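Novice: With the hints in hand, could you dock these two chains into one complex?
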Amino acid sequence: MLAHPILATLSRIAVSERVKTAFTRNQGLDLDERLLIARAQAGDQAAFRTLYDGHVDRVFRVTYRMTGSEEAARECTQEAFVRAFNRLTDFRGDAKFSTWVHSIGVNMALNALRSRKRSREVELDQELAYRGREHGDPTVRDRIKEAVDTLPEHFRTVFLMHDLEGYKHTEIAEALDVAVGTSKARLSRARAQLRLALGDEMREYVS
Amino acid sequence: MTDQGWDRVKDQIGEAYNVPPEAPRDAMWAHIEGQIGSSQTRSARSDDSFADVTPLRNRFARHWRLGTVVAAAASAVLWVGFGLGRATHPALVDSDPIPTLAEAAPSQVNPIVRVAATRHLAATQSLLTTVGSEAAMGALDPNVAAWASRLLTDTRLMLDSSIAGQGDIRALLEDLELILVQVVHASNAGAGADADVGKMELQQLTQGMQDNDVLPRIQELLPPVMAGAADE
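Chains as they are written, first to last, in our numbering: chain A, 1 to 207; chain B, 1001 to 1232.
Isolated chain B (complex conformation) (with noise of 0.2 Å):
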């Protein structure tokens, strides 16, 4: 097919494939209009859930043992958060810590809760950026698999709490429960003594991030704060 006979067909697909109606202009400003009248006092409480202003920029960690770290806090941040969360009543306050993942979870979600999820994805997205560093590299440090498997675990749990209630967030999970089962394989595989083995873990593993683009979705519902903490 010529490139002239491929814009003819791109111009019969434009025609026929959603063709979008006209904007409703005046009706969507009037809810923007609403939702930015406090926009000076919202920005403080930071609603939204994008990282920084330049958008969805993926950013290298430093070094995987920081993550490991952070990894560790989290989960312990997780687990008492947990616990805390089943044994008291949630007496909540107004204005939640952490609103970028509020703002996705149902509201009767334990704020308790919400801080250690929100740290738990910060650790999530540490560990897979360095993932994809190593993974360029082309194999991945035997001590990721011991990091992925804590993260794994905690990410079960999450699936099982009722911050996984809304739709995004359980589908983010559980696509993140899937990869992080990769990270362990492939890991494993690549200190294995069969190197083709490792390649092909790891090469799916890669396959599975890029198709279900995780870490743009984790940063969308991180605030800058964790965003900004879990790339350092």
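The shape of chain A in the complex, shown without the other chains (with noise of 0.2 Å):
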């Protein structure tokens, strides 16, 4: 019997010798990851869809934010998972699952944005998708959307990740391929924008 509680745990549930080993590497995954990931990485259908339950949420909708089209945050969501999920074997916890597939879908929707950038098709699918919400006053919605619209693709990203989202400056650095000094700049020039931007529509918000 293993003196360590949890390795003797693993011992009895008759984990692979490479999960044990990844465990006592101690990486930034916590326990129940990387059980999943070995599970899923040996072919465990349900591993994967509580992987995949554990994040599809937060990458849709960041995905969603950054695109304002459903389709768009779908497909960006849906490619993020089959080519993490493709990898899986390759993997080996030098970072988090969910850091990796946020990466892939936040790239993706930069990708898709920048394709539609070149199409002006994008802009009649988000104005109606825009004026089936409703929130607020119309003028004052417009001009929040022309607002954040307009801002620097990097710094809509940041601002988007972190104050819509709730992304922390760590994870938008691991998703960017930035340093986390330039996330902050990025948010900074973002907020500062938007507050020039905004101001007057803003003024019952300020105290």
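Simulated from the structure, these hints should not be mistaken for laboratory data.
Accuracy of the hints is not assured; some may be wrong.
[Stated by the list, open to error] The list that follows gives simulated cross-link-like pairs (lysine-lysine, DSSO-like), each with its CA atoms no further than 30 Å apart:
1. A:Lys168 x A:Lys96
2. A:Lys168 x B:Lys1010
3. B:Lys1010 x A:Lys184
[As the list claims (entries may be wrong)] Some but not every residue of chain A turned toward chain B, in silico, with C-beta under 7 Å:
4. Phe81
5. Ile144
6. Ser188
Just so we're clear, the structure is a prediction, and the values are computed from it rather than from any experiment.
Here a beta-carbon is modelled for each residue, glycine too, at the ideal position from N, C-alpha and C.
Specialist: Written out as structure tokens, the structure reads:
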């Protein structure tokens, strides 16, 4: 019987040697996620689904925030998980699985935006989707949309991820492959630009 | 505006801008599940397009001379590849040797062209990584201009080829063309008499690389083996 209680439990569950090695290596993942990944690597479909359920909402939300299109958000989210799962055999646990899948999703969304920048059909899609959700005065809403849309791409991405979707700067830095300081600087610039653009409309919200 | 005031502004923006609907979990899972059914065999073919399990993390090239050799080799492969691609009927094999780029490229692209394109992107990645590290030190090696110039020629060749038919690749190549022109200018300006012009060119170059996120976009298209080779 192994002295360490968790290793003893792992032995009883008959987890592979690779999982035990990964655990004792003390990487950034918690034990549950490591076990899930090990099971998924062994082909356990239920483990894939559990990993998916743990991250899908957040990936979908951020890709929707970025693209403004449900179709694009679905495609980016689906592709992020397909790619992450298809490379799971090479996953070493050096980074969190969530960082990995979010990074792919965010960059797919950025690529989608760049493609759509070269066609104008997105304007109509966004306008139609936007009008489907009534929140507050249309004039203020339109100005908000315009203000955020006109942010430079890298400022807008950080702003959406941090201020609207609650990502930490460390997560944003990993996803966008920038330094944490860069993420903070971009957020600061985004907020400054939004304050300037929305100052009049938001006066009632300033105490 | 106070922090509290900004929090309220932020909340208003959150309620008004691209408000996400509920995620269609089951529908998306049905699609994903169908794609990972043979994940053990698919991973051998490596049809994804990101470089490493540590996502999109740049690594610096050790020495630009190795990159020059890589660029020259990639250029030779590119010219041979396009020549062969035009001269030969595309007798395709079922499994693409470089499925990462293949996934993004139209299926009718000759695999030789695809291989050449992948090697070209790897060489460009090597150059831009070197440029990034040298720019941080304030100046580009004058020899970088020749290297960038060769890659610029090849990038333009690719833009005229079938590999540039798909939107994402075309967009990347167009951005790379611009960046490579800036690299040439910045490298030549740095070797010139006016240091201020050189600094300005370098600033515009680094800003352009940052704004267009070219390195992450290249890494996304390269398979792991090519990305690793380009970084050594």
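Novice: With reference to the structure, classify each hint as holding or not holding.
Specialist: Comparing the hints with the structure gives:
Restraint check for Lys168 of chain A and Lys96 of chain A: the C-alpha separation of about 14 Å stays at or below 30 Å, so the hint holds. For the hint pairing Lys168 of chain A with Lys1010 of chain B, the CA-to-CA distance comes to about 16 Å; that is within 30 Å, so the pair holds. Using a Cα cut-off of 30 Å, the hinted pair Lys1010 of chain B and Lys184 of chain A holds, with the two alpha carbons roughly 16 Å apart. For Phe81 of chain A, the interface hint holds, the least distance from its beta-carbon to any beta-carbon of chain B being 5 Å, beneath 7 Å.
Interface hint status for Ile144 of chain A: upheld, as the beta-carbon distance to the closest one in chain B is roughly 5 Å, under 7 Å. Interface restraint check for Ser188 of chain A: the shortest CB-CB distance to chain B comes to about 12 Å, outside 7 Å, so the restraint is violated.
Checked against the numbered hints listed earlier, the structure breaks hint 6 alone; every other hint is satisfied.
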